[in-house]
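Start from the sequences and build out the full structure, keeping to the hints where you can.
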Amino acid sequence: MVELWKLYVIVFKLMILQACVCCEAVDPTQGFSAVALDSSNFKVQKPYDVAVNQRYSFSNGVHRLWVYSTDKPFTPSSDTLPRTEIRITGHDYTSGVWQFEGYGYVPSGTSGVCIMQVFGGSSSATTLQIRVYNASLTYYRSPVLLQNMYDRWFRLNVIHDVAASNVNVYIDGVLKYNGAGRGQASHYFKFGVYTQNDPSHYMESRWKDIKLFKK
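With mature numbering (1 follows the signal peptide of the UniProt record, and there is no 0) as the guide, the letters of the sequence shown map in order to residues -25 to -1, 1 to 190.
Simulated from the structure, these hints should not be mistaken for laboratory data.
List of simulated lysine-lysine pairs, DSBU-like, C-alpha gap at most 30 Å:
#: 1; residue 1: Lys18; residue 2: Lys189
#: 2; residue 1: Lys190; residue 2: Lys151
#: 3; residue 1: Lys151; residue 2: Lys18
#: 4; residue 1: Lys18; residue 2: Lys47
#: 5; residue 1: Lys190; residue 2: Lys18
#: 6; residue 1: Lys186; residue 2: Lys18
#: 7; residue 1: Lys183; residue 2: Lys47
#: 8; residue 1: Lys151; residue 2: Lys186
#: 9; residue 1: Lys151; residue 2: Lys189
#: 10; residue 1: Lys151; residue 2: Lys183
#: 11; residue 1: Lys18; residue 2: Lys183
Ranges between beta-carbon positions, derived for each pair:
#: 12; residue 1: Arg130; residue 2: Ser83; range: 12 to 22 Å
#: 13; residue 1: Ser99; residue 2: Asn153; range: 16 to 26 Å
#: 14; residue 1: Thr50; residue 2: Gly6; range: 34 to 44 Å
#: 15; residue 1: Ser34; residue 2: Asp126; range: 14 to 24 Å
#: 16; residue 1: Lys186; residue 2: Glu(-2); range: 18 to 28 Å
#: 17; residue 1: Thr45; residue 2: Ala11; range: 35 to 45 Å
#: 18; residue 1: Arg127; residue 2: Glu(-2); range: 14 to 24 Å
It should be emphasised that the depicted structure is a prediction, and the values quoted were computed from it without experimental measurement.
Using N, Cα and C, we set each Cβ at its ideal position, and we do this for glycine too.
In structure tokens:
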């Protein structure tokens, strides 16, 4: 009986060790080369009937983007939902392995919104969307990637391997999602706030230290 109890203890310790190893933070940028990026690569998309400074600010290295669920789309002819996003220009890609890195912050109350996306796909308009629903960070609507994420900074790394049609999502250096892409297309990265289903009236995200990498 004592030996069996010892065996249970050993197995339990091994399970804890395995869980810790799986959740160990890493540097997702290892093996990648940095891509030159500056303010000229950041194009703000906002409701067409308001000035940029009514939906976007940049201060002390922090991009602050906000939108209301009742806002207009970003062009008069668009039938898309309201957004205030930064579209990274000059680095569209159709091949290779690309990585987005940024530190994000979402204030309490923001919900039903996409805060980062990999645009382009053969089966849908996007390859990846990172959304916020009621204090949880999600891959599209599910799975949940991070809970209780309001009012704190988190590090987001998204790796897109076009040829392998694979997407990895790291949060604070921990792999949270590994799944299939959505087909080859012309891709680019966006971040900010883009209204989705069941949105809050006011939506906001903040970003800093935005970087791109590639292999």
